[in-house]
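All chains, full assembly: derive it from the sequences and hints.
Those protein sequence lines, which keep their order, are chains A and B.
Here the numbering used here is used: the first residue of the first sequence is 132, the next is one more, and so on.
Here the numbering used here is used: the first residue of the second sequence is 9, the next is one more, and so on.
Some hints could be false.
Stated by the list, open to error - When the alpha-carbon atoms are kept at most 16 Å apart in a straight line, the in silico EDC-like pairs for lysine to aspartate or glutamate are as follows:
(1) A:K595 x A:E183
(2) A:K302 x A:E166
(3) B:K165 x B:D193
(4) A:K579 x B:E128
(5) A:K278 x A:D341
(6) B:K237 x B:E251
(7) A:K561 x B:E103
(8) A:K579 x B:D193
(9) B:K133 x B:E110
(10) A:K193 x A:E171
(11) A:K561 x B:E158
(12) B:K88 x A:E578
(13) B:K237 x B:E103
(14) A:K352 x A:D163
To be verified - Restraint-style ranges between C-beta atoms, simulated for each label pair:
(15) A:Q552 x B:I132: 52 to 60 Å
(16) A:Y524 x B:N26: 40 to 48 Å
(17) A:K210 x B:K88: 36 to 44 Å
(18) A:R334 x B:F123: 57 to 65 Å
(19) B:G159 x A:N548: 35 to 43 Å
(20) A:E205 x B:D73: 58 to 66 Å
(21) A:K210 x B:K196: 58 to 66 Å
(22) A:S520 x B:K196: 55 to 63 Å
(23) B:I192 x A:Y524: 52 to 60 Å
What the hints contain is simulated information worked out from the structure, not anything from laboratory work.
Just so it is clear, CB atoms sit at the ideal spot from N, CA and C, and this is done for glycine as well.
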Amino acid sequence: MINKSNKVLNSNIRNLVNKDYQYGFSTKIEKDIIEKGLSEQTVHLISSKKNEPIFLLKFRLKAFSKWKEMKEPEWSYLKFPEINYQNIIYYSAPKVKKKLNDLKAIDPELLKTFEKLGISLTEQKRLTNVAIDAVFDSISIATTFQKELTEYGIIFSSISEAVYNYPEMIKKYLGSVVPIGDNYFSALNSAVFTDGSFCYIPRNTISPLDLSTYFRINDPKSGQFERTLIIADTNSKINYLEGCTAPQYDTNQLHAAIVELIALENASINYSTVQNWYAGDHNGIGGIYNFVTKRGLCAGNNSRIAWTQVETGSSITWKYPSCLLIGQASQGEFYSVALTNNYQQADTGTKMIHIGNSSKSWIISKGISAGRSKNSYRGLVSVVNKAFSSRNYSQCDSLLIGNLSNANTFPIISIQNSTAQIEHEASTSKIGEEQIFYLLQRGISIEKGIELMISGFCREVFKKLPLEFAAEADKLLTLKLEGSIG
Amino acid sequence: MDKNNPFLEIKELKVSINENIILNDLNLIVKKGEIHAIMGPNGSGKSTLSKVLAGHPNYSVLNGDIFFKGLSILELTPEKRSYLGIFLAFQYPIEIPGVSNEDFLRLAYNSKQQFYNKPEVDPIKFLEIITQKLEFVNMSPLFLNRNVNEGFSGGEKKKNEILQMILLDSELAILDETDSGLDIDALKIISNGINRFMTKDKAIILITHYQRLLDYINPTYVHVMQHGKIIKTGSFSLAKKLEDKGYQWLNEN
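Structure below.
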């Protein structure tokens, strides 16, 4: 007694499920590491390995003592075993023979690794319209197009280089948007961050290239703690892209990053992320714990910061890219697609803090949950009493796939000025078996059908992504969902 | 294929869902050029039959076989059956939020093109093709920009089903209560579309509760289903009799 047609359908689904995470390989390379564990001495060691000026060491030590007094936040809708912070390697860098940024000095294995990830750092093959800073475990290994950008006065380098070359700027802005004691993970990052990207766009400059950072975690025991600091001066404009992947290990690795954006008068920053850290396997084993603090400061009048994120990876995502809207008529935007499958958990959203008059914000969040995953939107829209005529529009949509997934929305709206205009819309829908059968009957395969429905659901967000990212994002989501229906 | 060979042959079909047997020892032969109307009381297994023909995964075929164009199709996925020419017009067409009707129709069309190694058509060419077909069911091009069946009236949903059938140029169309929920004007338009679609190389299975559809579409045979099998076969006059006397009359005889 068999159900023949069912058997055929299920075996198709099984084949799709067994497709692997495409970036799950690891690179064997000679490493310079600091033994695992975290103490004041570790912080000193990191700082001395990087030959840092004393102000930065002080910054780190202050952060470390703050962190010791703090506790992991417990308010999120996430469940995970206790993280043993003494069992993590805080510094792991590929051995470099000469100075950074001479491509010949970089281990060819590393160049090959990035080639495999679709990112070429060598001059002949690199992308022509994007400058890339490539971060491997704890350090930045190369930054492309630096010379060309300098002609425009644009500074784009690893944050370690910026510490030497532009200490005044680092002193002024590092920790100015995300204070070291802001939260548990920001304190941790401030104590042990090892590298990241720094970018400064001078006055009246529109960057001729999109800038980008690519993060790669390679070492199975190391955490990645990087910082990104972007400053857009008066009347400037920049598009920034961020990508990330990690090998497939059956242990969890910690990633706790900080991104700080500062937009001065009339400046505009678009920050786009496609997050594809290893998400763990179909039983929830392994994957990255992603605890990230991203915040933008719209300091100047008419300044604008837009966060666009496509979150598909990580076993745990804890991330709330936010905007402090201080300038008059400043503008904050948050466009997000968060997809969770299998046992992934995401608690993500944004905070829009309206302080300046006539400040505006948009929030469009699309959550897709499949498998046994949990996907939560958490947001805060706050209008302080002196912010007159500010506006917010929020839309939070959830899409459920299958019967075992979980979607939540936790929006908080706090308004202290009666001239504010606030709108909030929310919806929940479901991709069901009957929809799939309908599409199949019309000759549309499961893969194509899901792609069609997902891209329909996410269209408003994908429209905001740079062109080369948008097509990738569509494909990525489909790949991640394969096998979740049936 | 020999004209006298059956186009569709259902042999001793036994089907269950959640361990309830819905179809039991069902037999049916459909030849090219024929229109078969299937009537019967609620719960007699008509919709189950339509879904099993299309390959719905929730039903278990316990016994028997289904041959289409001489091939057993039980092992074929729903999309393969679709490519072979089987079309099911759903009793309750499914809404697909966020997906435009045009994208959906083009993807369906191109999936079939691809299966037969024919070139896929681009959106501009497709608009030409679909615009011609819209006229079959008297639909406005504005339908193309709306999301699939979302917010459609009952009549619009059914027209959209017939539009898909015509677009895919299917060979065996199973129309599951396509007439239900239609006003008289929509019924005429849809019947007209179905009649224009029908040729001597195609076949239609019409599942209906009412004789009124058969006033517009002339069936070759009328079957009555009860308890999962066909218990009576006749001509158009059988439908008339059922309409007058109800299904109870069958059991009295």
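Results of checking the hints against the structure:
The suggested pairing of K595 (chain A) with E183 (chain A) is violated, with an alpha-carbon distance near 38 Å, which exceeds 16 Å. For the hint linking K302 (chain A) to E166 (chain A), the alpha-carbon distance of about 29 Å lies beyond 16 Å, and the restraint is violated. For a cut-off of 16 Å, the pair hint linking K165 (chain B) to D193 (chain B) stands: about 15 Å separates their Cα positions. With a C-alpha separation of about 15 Å, the suggested pairing of K579 (chain A) with E128 (chain B) holds against the 16 Å cut-off.
For the suggested pair K278 (chain A) and D341 (chain A), the alpha carbons sit about 15 Å apart, so the restraint of at most 16 Å is met. At roughly 20 Å between alpha-carbon atoms, K237 (chain B) and E251 (chain B) are farther apart than 16 Å, so this suggested pair is violated. Restraint check: the Cα-Cα separation between K561 (chain A) and E103 (chain B) comes to about 11 Å, which is no more than 16 Å; the hinted pair holds. At most 16 Å may separate the alpha-carbon atoms for a hinted pair to count; K579 (chain A) and D193 (chain B) exceed this at roughly 36 Å.
Proximity of K133 (chain B) to E110 (chain B) is assessed by CA-CA distance (about 12 Å); at most 16 Å being required, the pair is judged to hold. For the proposed pair K193 (chain A) and E171 (chain A), the alpha carbon gap of about 10 Å is at most 16 Å, so the pair holds. Using a Cα cut-off of 16 Å, the hinted pair K561 (chain A) and E158 (chain B) holds, with the two alpha carbons roughly 14 Å apart. The suggested pairing of K88 (chain B) with E578 (chain A) holds, with an alpha-carbon distance near 15 Å, which does not exceed 16 Å.
Proposed proximity of K237 (chain B) and E103 (chain B) is contradicted: the alpha carbons are some 31 Å apart, above 16 Å. Distance hint between K352 (chain A) and D163 (chain A) is fulfilled; the C-alpha atoms sit about 13 Å from each other, no more than 16 Å. Between Q552 (chain A) and I132 (chain B) the beta carbon distance is about 41 Å. The supplied range of 52 to 60 Å is therefore violated. Distance hint for Y524 (chain A) and N26 (chain B): a CB-CB separation of about 45 Å, consistent with the stated range 40 to 48 Å.
Hint check: K210 (chain A) to K88 (chain B), Cβ distance near 42 Å, so the stated range 36 to 44 Å holds. A beta carbon spacing of about 58 Å between R334 (chain A) and F123 (chain B) agrees with the range 57 to 65 Å that was offered as a hint. For the pair G159 (chain B) and N548 (chain A), the supplied restraint of 35 to 43 Å holds, since their beta-carbon distance comes to about 37 Å. For the hinted restraint 58 to 66 Å between E205 (chain A) and D73 (chain B), the CB-CB distance of approximately 60 Å keeps it satisfied.
In this structure, K210 (chain A) and K196 (chain B) meet the distance hint of 58 to 66 Å, their C-beta atoms being roughly 60 Å apart. Taken as a hint, the range 55 to 63 Å holds for the pair S520 (chain A) and K196 (chain B), whose Cβ atoms sit roughly 57 Å apart. Checking the proposed 52 to 60 Å range against I192 (chain B) and Y524 (chain A) shows it is violated: the Cβ atoms sit about 45 Å from each other.
Going through the hint list in order, the structure does not satisfy hints 1, 2, 6, 8, 13, 15, 23.
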